[in-house]
Amino acid sequence: MNFIKRGFLSITRKKGKSLILLAVIFILGNLISGAISIQQATGNVETNIKERLGAATTVELDYEALDALSEADWEGFEIQDIGVDLIKQIGELSYVKYYDYSMSTYLGSEAIDSYQGDMEEDYIHHGPSMDYMLKGINYAPVLDFEEQKGKLVDGRVFTQEEVDNGTSVAIISKKLAEKNNLHVGDTFTLANAVYTYDNETGEEELVTSRDVVLEVIGLFESQSIREDAEVDPSRGMFDFMDIEYQNTVYVPNEIVISETEYHWQEYMKADEELAEMMEGEEQSFEYYTPLFVLNSPEDSDAFEEEVIPLLPELYTVVSATDQYDSIAGPVESMANLSKYVLIAAVIATVLIIGLVVLLFLRDRKRELGIYLSLGESRSRVVGQILIEVMVVALIGITLSLFSGNFLAGQISNTMMEADHNTSYEEVMYYSQIQTDVTTADVLDSYEVKLNSSYILVFYGIGLLTILLSTAIPLIYIVRLNPKKILM
Amino acid sequence: MILEAKDLNYYYQDGEERRYILKDTSVSFEKGKFYTILGQSGSGKTTLLSLLSALDSPHSGTVLFNEEDIKKIGYEKFRRNHVGIIFQSYNLIPTFTAVENVLIPMSITENEIPDDAMTVAYNLLDYIGIVKNKADRPVNKLSGGEQQRVAIARALATNVELILADEPTGNLDEEMEQEIINIFKKLAHEHGKCVIVVTHSNEIALQSDQAFLLKKGVLSSHE
Ligand SMILES: Nc1ncnc2c1ncn2[C@@H]1O[C@H](COP(=O)(O)OP(=O)(O)O)[C@@H](O)[C@H]1O
Ligand SMILES: [Mg+2]
Chain Z
1 MNFIKRGFLS ITRKKGKSLI LLAVIFILGN LISGAISIQQ ATGNVETNIK ERLGAATTVE
61 LDYEALDALS EADWEGFEIQ DIGVDLIKQI GELSYVKYYD YSMSTYLGSE AIDSYQGDME
121 EDYIHHGPSM DYMLKGINYA PVLDFEEQKG KLVDGRVFTQ EEVDNGTSVA IISKKLAEKN
181 NLHVGDTFTL ANAVYTYDNE TGEEELVTSR DVVLEVIGLF ESQSIREDAE VDPSRGMFDF
241 MDIEYQNTVY VPNEIVISET EYHWQEYMKA DEELAEMMEG EEQSFEYYTP LFVLNSPEDS
301 DAFEEEVIPL LPELYTVVSA TDQYDSIAGP VESMANLSKY VLIAAVIATV LIIGLVVLLF
361 LRDRKRELGI YLSLGESRSR VVGQILIEVM VVALIGITLS LFSGNFLAGQ ISNTMMEADH
421 NTSYEEVMYY SQIQTDVTTA DVLDSYEVKL NSSYILVFYG IGLLTILLST AIPLIYIVRL
481 NPKKILM
Chain F
488 MILEAKDLNY YYQDGEERRY ILKDTSVSFE KGKFYTILGQ SGSGKTTLLS LLSALDSPHS
548 GTVLFNEEDI KKIGYEKFRR NHVGIIFQSY NLIPTFTAVE NVLIPMSITE NEIPDDAMTV
608 AYNLLDYIGI VKNKADRPVN KLSGGEQQRV AIARALATNV ELILADEPTG NLDEEMEQEI
668 INIFKKLAHE HGKCVIVVTH SNEIALQSDQ AFLLKKGVLS SHE
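Chains as they are written, first to last, in the working numbering: chain Z, 1 to 487; chain F, 488 to 710.
Chain F on its own, in the form it takes in the complex:
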């Protein structure tokens, strides 16, 4: 198990009452597999992902990375060295070019980065489908699909095994969506990454190795 959530509880205080978004949620993920977490809008998918990616902490319960509590690793350090996060709204930095956006996490991580980071970044972008002349453009001069590819390249830049994506195709048309999903499959099956994608789309869930359904704070296997 590369990533494991145990008895996660997360709630919002609503007056006197606690409104639970996640209640005693446990789930585990393996390397080399493409997972989806399915759920309706407002079901708590983003909340779960934020806990798995150490952008937030649960009120109780633990997240284990390779059997180690990520709290013990340190949230900041965990994000820096062990996880790549992809957002629905890309979240690239418009001041910088595509390749510069990919270079940023390389300068932050403590993971081994090959000497010529620039070449690695271009190759990564090329592999994801961004050619050199587009890689040198400021990111806001790229289409949505292209921007999400850059975001995926950025998530891969630090050579992490864990890729978490929150509705990565939510802003894209169907054709583009399928291309992105194909990339995720390739990453899991050819490169041995653990890819977890949060979505509300059944079609995507059908293409994953395993799908979970989040409903009323409870996570169950989805067939």
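Looking at chain Z on its own, in the form it has when it is part of the complex:
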């Protein structure tokens, strides 16, 4: 009949009290396990979604800050460009996996037809078309391919030599190639056409045009085609983005620079007013939007911290993961709610279990005094009570492990759906690093799971909480005076 055996016997002999304790622990355990389940699920969503959003970052003008500038601020203010040197300096930071800085321009073509997706049938052509986005490349293996935006399916990527020399080679989409019966090794012609725009008539007039002849060295396919797109309300936007991507022509950056320069100079020739205005000004055709791909999405904060001081005024760092905050509203509010529920539940548990155990111990004052009078050490008496409480707690917590997790899954899904439907507008904007991940995706990836890390965390927090709540009544045992109780 040592203290361990006494503990177990007490649990089974005093069924009523054990059941009351079990019920209290079970109810409070559900709150704790539910809150932990949701915490874990929201945490997983954040990692998953940020993983999907990718580790791309860029440096852009801070449009919000620009908007906030007053007229006085604008006086004499000049926006500086991000130079190649600065881009290279940032690119050398340890967080950066690889980077590119490129220009792009739009060209038309008489010789080939652009890809128009499903809209092909009713597509009506207005005015001069500029369907092809010429995207300049400095990073020869092509960053978009490394980042799985696209995938090379035929031919090859650029060589460093082609990039350095601005060789007239291109990688185009397979869809564009199929439409125009182009293959690797073929050449095709785009037109760099310069128009003037008449403010009065609204007429556009072709001034001049030059051919850009490119050799196809590779074909790519888009990797981000959405299978489930029909039900998506923002489908139109994705179509637009897809068509734009299918008509993208990757070329060495030097080609984009020279075509932009040509276009600009011809345009100035045609527009005397503008030419006069620009007279004497240093002209740069190199305006870059750099793209830095970090080693991991988790590096974005540290990266941002290091880069901000290097940037000229009014520039900011934009990360793909920034988008998370705008699409994860329902999950974030659920994460917050569950955090408060968890804290409240732990505090309530400590108080309630502490009180229940204390009441039960007062009932057993005489029994505890007897153990002491028989020479049992106080630590073993404490041990017996701990065994009694913890065994019941283990059962209660194990039961609530499953039920709390299940309930959390049900309740949080319902709540987030309601939240999503009522209060969050999807903010869509188009930028270089924009991905097509939406709030719906966030909700899809939200899943309350019964995995080992949840089980571990819950047992840890649950049992520690109960232990803490038993600590208070145990002080009562330590202070018991057997003579007063028994004699």
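Worth flagging that the hints you see were computed from the coordinates, not collected in a lab.
Since the model is a prediction, treat every value here as computed from it, not as a measurement.
Hints may be right or wrong, so weigh each one.
Said to hold, decoys possible - Computed list of lysine-lysine pairs in DSS-like fashion (alpha-carbon distance at most 27 Å, straight line):
| no. | chain 1 | residue 1 | chain 2 | residue 2 |
| --- | --- | --- | --- | --- |
| 1 | Z | K5 | F | K518 |
| 2 | Z | K14 | F | K628 |
| 3 | F | K559 | F | K518 |
To be verified - To give an idea of the chain Z side of the interface with chain F (calculated C-beta under 8 Å), a few residues:
| no. | residue |
| --- | --- |
| 4 | G16 |
| 5 | R479 |
| 6 | P482 |
Don't be surprised by glycine CBs; every beta carbon is placed ideally from N, CA and C.
Given chain Z, work out where chain F with the ligands should sit, using these hints.
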């Protein structure tokens, strides 16, 4: 001398004043004898017993067990290994059966316990007058006399030489009282225990080998 009290002082603070319950009390006890300590209610009998059984400590003075200060042995250890205490209100644990109550001190003591503690416990209960089917009952399903027998068996379970009892028959009728007293006599005379019983009953005192009278904090031999 198995147990010896030397110059025990015990008092309650009453404002500025000390109200002495025991004043320079000295007494000694031998093995194989049945002692009684007689005294009126409130005379300090329980106080003395609590000091002899290490449930409380005196303000001054010492209690020696086999010439050794029980403070040096350690109160907890002394209770665990050297003394069996019997209370007026039995103080059994109602969650457990009679035999389980007897088994509890066996798991606490450091004294040698024969391998089959269960058999020892049943035999002990049987010897004291609790048959097997009663031994397996929860103690609150036993009569007062039976409960006190279980308490005596519990005191004997650790095979100690010293049995201290505080008005053990106070809640029992006369017939039952005599049976319990007979057990104490047997324990002293046949088993060589030192049995000290606190009582306010003259009849019991008359049956003891030696009786002391506690009066106004002073202990004297009672004829
Ligand atoms: N906590 C206390 N405070 C003050 N006086 C006490 C306290 N406990 C007991 N006493 C007094 O001590 C005296 C001795 O008590 P006790 O040893 O229980 O006597 P007995 O067992 O002989 O009836 C009594 O007069 C009682 O009133
Ligand atoms: Mg008394």
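Each hint tested on the structure:
Among the hinted pairs, Z/K5 with F/K518 is inconsistent with the structure: their alpha-carbon atoms are about 35 Å apart, more than 27 Å. The straight-line distance between the Cα atoms of Z/K14 and F/K628 is roughly 16 Å, inside the 27 Å bound, and the hint therefore holds. For the given pair, F/K559 sits about 21 Å from F/K518 by alpha-carbon distance, which is consistent with the 27 Å threshold. At about 12 Å, the closest approach between the beta carbon of Z/G16 and any beta carbon in chain F exceeds 8 Å, and the interface hint on this residue is violated.
At about 15 Å, the closest approach between the beta carbon of Z/R479 and any beta carbon in chain F exceeds 8 Å, and the interface hint on this residue is violated. The restraint placing Z/P482 at the interface with chain F holds, with a minimum CB-CB distance near 6 Å, inside the 8 Å limit.
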